[in-house]
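Grab the two chains, each in its own frame, and use the hints to assemble them into the complex.
These protein sequences, in sequence, are chains L and G. Numbering-wise (the working numbering), the first sequence opens with residue 140 and increments by one. Numbering-wise (the working numbering), the second sequence opens with residue 575 and increments by one.
Treat the hints as calculated values from the structure; they're not laboratory data. No experiment lies behind these values; they were computed from the predicted model shown. Among the hints, a few may not be true.
[What the hints assert, rightly or not] Partner residues are not named here, just some residues of chain L that face chain G (Cβ under 10 Å, in silico):
#1 Val171
#2 Glu173
#3 Thr176
#4 Ser273
#5 Tyr482
#6 Tyr499
#7 Ile500
#8 Glu501
#9 Gln532
#10 Glu536
#11 Arg543
#12 Arg547
#13 Leu557
#14 Lys560
[Claimed, not checked] Each computed EDC-like pair below joins lysine to aspartate or glutamate, with the alpha-carbon atoms no more than 16 Å apart:
#15 L:Lys913 / L:Asp966
#16 L:Lys561 / L:Asp314
#17 L:Lys996 / L:Glu632
#18 L:Lys560 / G:Glu715
#19 G:Lys779 / L:Glu552
#20 L:Lys372 / L:Asp411
#21 L:Lys1002 / L:Asp938
#22 L:Lys561 / L:Glu379
#23 G:Lys800 / L:Glu180
#24 L:Lys614 / L:Glu552
#25 L:Lys560 / G:Glu799
#26 L:Lys372 / L:Glu552
#27 L:Lys804 / L:Asp840
#28 G:Lys758 / G:Glu715
#29 G:Lys779 / L:Asp550
Note that the Cβ used here is the ideal one computed from N, Cα and C, for glycine as well.
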Amino acid sequence: MSGLKTDRLKPILWVFGIALFLLFARLFQLQVLEGETWKEEALRSRLHRRSIPATRGTITDREGRVLARDRAAFDLMFEYRAFRRSQPSAQLLEAYALLGNAPGGLDYCLLEGEKLGEDLFRIHPQAFSPLTHSEKKDLLFYLARLGGMINQKEISAWAEKEDATFSQRFPQSFDFLKASLESQRRAIFRLEESLGQPWPAGLLHQLEQERQALENRIRLQAVRVAAGRGFEKSAFEVREVLTEMAPDISVPRLVGVEKQWESKLGTQFMADIVKRWKWPRSSQSLAELLLADGDPATLAFRLGQLLRHIERVQPADLFGVRRALVREIHQNRVIRLRGDIPYEAVDRLARLPETYAGLYIEENPRRVYPHGGAPHLVGLVRSADEKDLQIYQELREEYRGFARLLSRSSDQENRYRLIRKKLFQEVIRPGETRGRNGVELAFEGALRGGRGYLQILDAGEMNARPLELDFVAPKRGNDIRMALQMDLMEAAEDAVIAGYQRARLNLIQDGRAAEVAPLKNRRVGFAIIDLIDDSLPVLVTTPTYSVEEYRTNYASLVARREAGPLRHRALGGGFQGHQAPYPGSTFKLVVAAEALAQNPAAWDEERECHGSWGPPGSQRPLWCDYRAGHGRLAMREAIQRSCNVYFYQVGWDLGYAAVWDRARKLGFGAPTGQELAVLDSRQGRVVDMGSGAWLERGANDLIPPHKAKNLLAPLHLAIGQGYITASPLQMARLFGWLATGSLPVPRLVLDGAGASPALPPVEKFVFATELREKLQSALRAVVNEPQGTAFHNGEVLRDFRVAGKTGTAQVGGGENHAWFAGYYPWDQPRYAVAVFCENAGLHGGEIATLVLAEYLKSPAARKVWEALGQ
Amino acid sequence: MKRRNQIHHKVLQFLKRTDWQLLPPVAGVLAFGWWVQWSVAGGDVFPNGHTIRLLATGLALILAAGWSARRWRNSAYLIYGLVIAMLVFVLVSGRETNNARRWIDLVGGFKIQPSEFMKLALILFLARWFADRPRLRRLRELWIPGLCCLVPVLLILAEPDLGTALSIGPLFLGMVWLAGLPAKKWRLLVLLPLAFAPLAFLHLKDYQLERMTTWWHQNALTLEEKADAGYHLWHAKMAIGSGRLTGHGWAQGPENRLDRLPERHNDFIFPVIAEEHGFFGASLFLLLYALIPIIALWRAGRYRDPFTRLVIAGVGLHFGIHLVINVGVSTGLLPTTGLPLPMVSFGGSSMAVSGLAVGLALAVGARPGPVFSSRAFEG
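Pulled out of the complex, with its shape left as it was, chain G reads as follows (with noise of 0.2 Å):
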């Protein structure tokens, strides 16, 4: 009874002092997509690897859930120079596969993937760099963490990873107008990447510039394009589009029974659901991952330090803006483009980074306990 009872209290502490909200959320969307991958995997075969890497984004939610927000905010520069080197070490030593180097080989056969980490990373940074600051007043104030963006950007342009790359300037976006900057100088900051826009263009391949334009026309694809330019944008909507109200049913769904759909089980994964599950299914699981950044966002604005407000806040920006970017190019609203959705996507970089995001959210989140002096109530 007396041990009952100190469970329960221990339970309620935890309770007050946490961001507990996000846990059921990222819990329900952990297991939806290990469902999917099991799906993904053929159904008659177990998936070991995603469960194992779903074990591993429970043990980095909480260790990083386990450090201190002090901590945290006292590492932030030297993480994001650490990644910032592994961005480095992987141009000149990754591994290459495919004729892209991303990953950087561990021991025990392992491999991570930096870029992923580099996310987190700027979270922290851009969360430290504005929280130590006085308010932003002016764009000049932004050249160092604007160039702290830009520089792991670059380096993840060169591996090339064009997705991972173009989610960072959301992120930044987010951040700097959670730090304040005053709307009026907001024009300057939005028009200057439109004016770069035509540039960019100039310098994407052949193949990137056939996407943009299948799927400008996406509704008028010849057999040739479909097959080609169009080969992914059109399958993933095949798949969702034939989904309809029900779906096909878990492992059923033939595009990816047949393994018509590529990358299904990576940057294409909602597809696969919207084909098995349907309508009601994949509103279900939008609506379960969307609360994910609802909650880390509603959370953020409850706390006065500035530094645990941002990285709150910049922890549900991460999951919503890949969450809008992975399920916008599967629909066919955004122009294809290789991101993956974190927690769901296969793949040990992606989902440990998403474990750590979550544990870091609840790090900072956490409010410290009463503490009385053990001579208090002395007489």
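Pulled out of the complex, with its shape left as it was, chain L reads as follows (with noise of 0.2 Å):
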């Protein structure tokens, strides 16, 4: 190649000239031009920032009762920067720590000061010389304020060339220690006067133990930190792995009682970590530490066992870990150290910052109940424990990793992405209160509200004032409106006892007193769907209990199975075998429009009743539950007497699959919509909000084609039992759509701020009016006609022009269940209405009637009626 000109190159060097030119521009501009601001940028960004919770929205029923609110409340916040920059025996602990020393905790340091003072103050410069640079200079920040030294570079010049100790170089010292030591205590014990807390065991005691328990958590965080390094772990995901060695425990199904356990291991990592770290014990021991299990008192110890042990033979895994996290324990690492504390301790602190630095309050409200019903539905909420603590640390830790990184792979990114979420949503801050349950936690968004923060200035020069230089106000959460009414809530609790009292007292009359043994166990759910506009006024549950029980005894709510309280029986949810909500003769219905459907003649086809029946090929017949046999009868009749025959030889006659098909058209089979219960489709099954809240998860099952091979199966079906079950307001949707020919979606809330989740699409179909007719005019003769089921007890329901069907649901263990079901008035359908008495052992007609016949009397229920002009 010839004839290269050079002046090829001076476009280049021009190039880069411009270059370069535009970089030192650059570098003038935010240098000289913008230094001062970014300066104080920087200041800005290595300030604390104090977050201040927002007010949580207000939960209300429906005529605007406070269901949950937010009280005014303050905490007790300890932060230990600030408190071992301003308080004498923080900083004798930390002098004392940093000559490897560590005489005791903050509370011996303050009883004892004097003493440790003195014997601190005879240090000669000769004992810097082991120390490294930064912790020189952190002994002396710390001499220099224990001896009241202003001028740093006194006690620096001192430390570099003096031979004599510091009592000698500086003999005022020893004065101004033991004067602050004196105002400490003062102010200290003051507090504790006004937090109510006895001293010695008081309030440096417990800061004691929170700054231990500071350390241990970091301890933990060291050691999984550590666990994760061989492996390209972090910290949180070995949270993760270790945590699915727990077996997870899942739903008990419906048929044959199977139950499926799932249980998941992290064995081959425990094993891979046993090896790497050549641990002497066995796997489970070393488990246990990084779960941070067993005796809490001996944990700071074992931790640091092991931590010495890894750096022993691993210390590669802990290259970095220490240096990192004894800088996190020296941040500004805030500790909540008492709740709601009392107004005169408030004052105090607001009053006297520089006296008690360190120390300072925080606006934190509290959450209460102040009606108390409801607690499934309404929730509650629940605040950061050590756990949550924990895993918001070590979530926080990856989440910084990631963002450091310069360049992410899809994994990484992925995981990021992952993480990020679960921090900024899912997680509890320290501080922090989420719904635990219920609204509360299904409408987290809304009620949450946005905190806002304060950025302060930490005391820099000794006596300063913290210098507030930012605020942003938090934004009050916003408030949701139930659906629920509490006055008709209380009014079917009050019917549910008054409806077992009158109930027992007929068996009595009636001579039938051994029969009243199972009502002594009230296990009711009472669901009203407003037809208006599908929402619901009454969802009872009994037993339940109360948010104190809640909060203090959880453990014996959970222990007591068979009573449930935990359980909203008018949901179904969670129950045991024997409680199984079978919906018996109410779900003669669904199997009666299915008839219609395919044959509208079928209203007028009569059938013999024997008393028994079976189908071709059975071994045995199935029985009426009149077994003398109601003779012959039409679809009207066979509904009013609720004949099982009649329902076995049509349901025989139309299949199993095509009832099934028309009951899940009707809503059976899925979860009823209302916000506190989705069907995720990813693990196949129906969640609640709140996990062990057992709202609908397990309810409303319905068995598919395949799977109901029996050849009696059709049968069973055909009268509501053993193929299906459903909630109370599973079966009040079913009448819902009788009276009107709309399959309900039931609304818990009525205003969700705009939070509240998609309605589920109802599958339409077409049913015509005039069979729908027919059936409203057999549910009528349930209760107006004296052949029918409801007749008996049945005259407040006459009165309040109630329609609808009884039913008694044989279980296998157990005693019957009661169900009443309906619609009222049947004139002008406005509320669908169902009642089931679980394991009551009487029909529906002997006790569910009376239930309801209770609640349309009282007044509550009474005031309604007559606001609808009735």
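Here's what the structure looks like:
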């Protein structure tokens, strides 16, 4: 090649020159023109930010009665960094720790401060030689503070050149120390009085415990980071793997009471760790340490031992971890020392911030439930506990690690987004409260509001007030208005008591005292749907629990499996075997609807009931409730008198699949659609709002045809036994459809501040109005005509023009369930209702109708009735 | 006296025959880089690792300078092929760290990063290619060299290492310009990448797109963006800006000391310099570093041999491109991407390649001494 001209170089030099000029100009802009701004920004970003929690939204009932609200309260916060910069006891502790000689806790340092100070001030500059540069700098800082030195240069000069002890060089320092210790003692004592906390096991003792707990948390994280190091896992991923080792129990399924257990084990990971660290004991003992299980009193010691062991055998796993985590401890760590402190303490801390440097108040409202009703549905909140704090810390570290990566692979990016979502939306931060279950959880986003913050420049000079630099007000959460109406709910609860009482009296009067025993367990689900807007003014379960019981005695609530106060019987979930809510004869309306849809003439077809019936090929017949047999009857009478044999035959003729399909269209076999239970298509099951909430999970099951191979399956299904469960709310939906022709999707929340979940789709199907009216006539006959199964105790029901169906469901190993489901008033249906008396041992017409009657008679229900213009 | 005169004579010969002008700014930058790495290590702890790398760089420089220009020229294609093989090997069997395969493990715990060596290999390859042929006149003559650049770019992107891949483009264009492609042919060469730019955008990952967006509105970042997609940019600018005129002092920069600036030992080393030494120190450093490409490009023009010119200019381009991109990213002039600053950033391979590059420039620019017949003056 020849002829390369050198003027080819000049343009390149020019381009480079221009680029260089731009770089210089940019530097000039950033450092000279904007230098002050960036300096402020840098300072601001290093400042301590105190978050101000927002007031959570209020939850009210339909008529504005407050069900949940925040009450103003203040917490006592401990910020160790500010504390050790200003309080002599902490300065003594830190100074001694730098010299490798921790004398005791903060409380000991305050108690014996003079003696410790005197010993410390005998320090000679030679003692600094084993220290690193930053350790020496820190020790001089503390000595200066303890001795009241303002001029740091004097003390630095002493440390560099002089041959005298600290007390010799600065003789006035000890008097200063004594005075400041005395002042601190007085201040702490006064504060303890106002907190109502006795001395000596008082505030500083608690401070010391919190400080140690913080160090333990940090040590635990160090161990988890080290565990993940060799396998490219973060501390949070280590936690996830370890917690998967515990078995996860799924819900018992319906048929055959099969229990399916799921369990996952992280044993391979543990085996790898044991090998890597040459752990001398079992992998279980190591897993316990990594999960912080076992005796908390010895945890710190055992973690310390483990860290020393790792340093010996695999120091690379701890490289940089100690340094980073020690920095974590000494940065602005804020600990919530005491919640909801008395006003006297609030006042003292607010008036004397310099005296109590390191201790301050933070407004943190408390959630209260003034009414106490519907705890399953309103839900509760929970605050961050120790585990939550650890999870938050680990997630935050992992998040920061990802944010600092310049380039991320696809896997890393996915992980990063997952972590970010968890961190900002799911985990509880220190001091925060989150919905635990119910509406508090389902509408968390609307209720929570937005935290504000206060940015504070810590006192850098002695006796300087903390400087507030920036303030962002918190944003109050939105209010939620539920559809429940508390006076009606209370009326329903009272009606259960009164109804059972009446049933008991009736039995005694009828000489059936032996049947009274099951009635002492009042286990009832009661649902009412307002058919105007599908809202739920009443959704009651008994027995229930109080908020106080839940908070203080949760274990005993769980232990009461039979009574199951944590279950919501109107929603049906979480039942044990004999509690399974088979709908019984109330389900016959579905069979009737399908028969009419296939052949409208079926309404007039008569069938013979001799008291029992079996299909061809069956070895034994199934019985009717009336063993003598009803004789010949058509559909209307079969519904009115609840003839099983009639429906066995209809069910057999239709076939299992047809009835199943009709039931599915009418909402059976799926969640009812109310906001607190959703169908998770990934998990293939209903997920309630709040773990352990037991709302609809496991309820509303409908066995598909391919699993119903038994010859008698159509017969059982036809009378609502064995192959179907349905909650009272589900039955109320069915009767809502019978009343209006439109299948309701029940709403628990009237005004959800825009956060209500989308309505689930309801499959549209055509069903002739005149056919439905025929069924309605049969339902009126049940209550109004002498042979109707609800006639006997139905005076009140007739007054309120109730139409409906009783049901009596047999359960293996337990007493019968009793049902009544219907709607009223039958001429202009406004409410659909279902009452379910679990294992009551009586017919629906003997108890469920009584409960409904007592409700309708109540003043609250009457008021509503009158408001309808009735 | 005779010995001193001999040494004096040898030094003069060295000064006459080599481009020694490169050495002072190189030495200055290496020393500055060592000083800054000590600060990054905490100030307390002597940077043993970096000191060893520094010595290794010097050794690489001397070894490369000791190889003759002829040998470098003859080995150009072989070196290129070898490095390509290493790039393939690293994708297949390289060490995986944080889901990236960029390193090959050697004996004794050492590791090398082939993508760094590819920069040097490309300079050699392109210099040899263009030097062996008549002056570039048509675009179609760029097919093969273009392909030979594209292949390593794709291999490097697969690691993945976006920053290094991006730095190869300007190097290629610079070498093509120096090889003499007529100005009017450049329209297409410039328009083509612009036309493909939207396609490239589609292949960017979400976080890379987020970084582009935050870079675009970097003066109005939200709190979340400062903690997330804009984290590097924000902290880099904060470190630089807060240094103001004179800086915080060696090992005293808060962003450095508090470990808030990510990759501060590597891709974001310049903000540490600016934070601790201020505008004066950072400008001095920039000038010192800029001298390397300026001197290299200036000296390149003084040679007649095209291979020599292209190699020395290529070495100058290498340092110049890295300086502009690295400092441009740190100051927010360019979108965030990871590219180290040679001779200053932590990283054995980068340091070694820098030493080799300077040594290469010295080697090809070395003029042979006068050769006299041993019988020249015999009667």
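Does Glu552 (chain L) lie within 16 Å of Lys779 (chain G) when you go C-alpha to C-alpha? holds, 9 Å
Below or equal to 16 Å on CA atoms is what counts here, so check Lys800 (chain G) against Glu180 (chain L). It holds: about 12 Å lies between the C-alpha atoms, which stays within 16 Å.
Verify the proposed pairing of Lys996 (chain L) with Glu632 (chain L), using a straight-line Cα cut of 16 Å. Since the Cα atoms of Lys996 (chain L) and Glu632 (chain L) sit roughly 13 Å apart, the hinted pair holds (cutoff 16 Å).
Would you mind confirming whether the straight-line C-alpha gap from Lys758 (chain G) to Glu715 (chain G) stays at or under 16 Å? holds, 15 Å
Agreement of hint Arg547 (chain L) with chain G interface, Cβ distance less than 10 Å: OK, holds: Arg547 (chain L) within 10 Å of chain G, min 6 Å.
May I ask you to test the interface hint for Gln532 (chain L) with respect to chain G, counting a Cβ-Cβ separation under 10 Å as satisfied? Result: violated, 16 Å to nearest chain G Cβ.
Taking 16 Å as the top limit, are the C-alpha atoms of Lys614 (chain L) and Glu552 (chain L) close enough? Violated, because 31 Å separates the two Cα atoms, which is more than 16 Å.
Is Lys561 (chain L) within 16 Å of Glu379 (chain L), Cα to Cα? It holds: about 13 Å lies between the C-alpha atoms, which stays within 16 Å.
Satisfaction of hint between Asp938 (chain L) and Lys1002 (chain L), Cα-Cα up to 16 Å: The given pair, whose Cα atoms are some 15 Å apart, holds under the 16 Å limit.
Between Lys372 (chain L) and Asp411 (chain L), is the straight-line Cα distance small enough, at 16 Å or below? With a Cα-Cα distance of about 13 Å, the restraint between Lys372 (chain L) and Asp411 (chain L) holds, given a limit of 16 Å.
Interface hint for Ser273 (chain L), Cβ within 10 Å of any Cβ on chain G: holds, 7 Å
With 10 Å as the cut and Cβ atoms as the points, is Glu536 (chain L) at the interface with chain G? violated, 13 Å
Going through the hint list in order, the structure does not satisfy hints 5, 6, 7, 8, 9, 10, 13, 14, 16, 18, 24.
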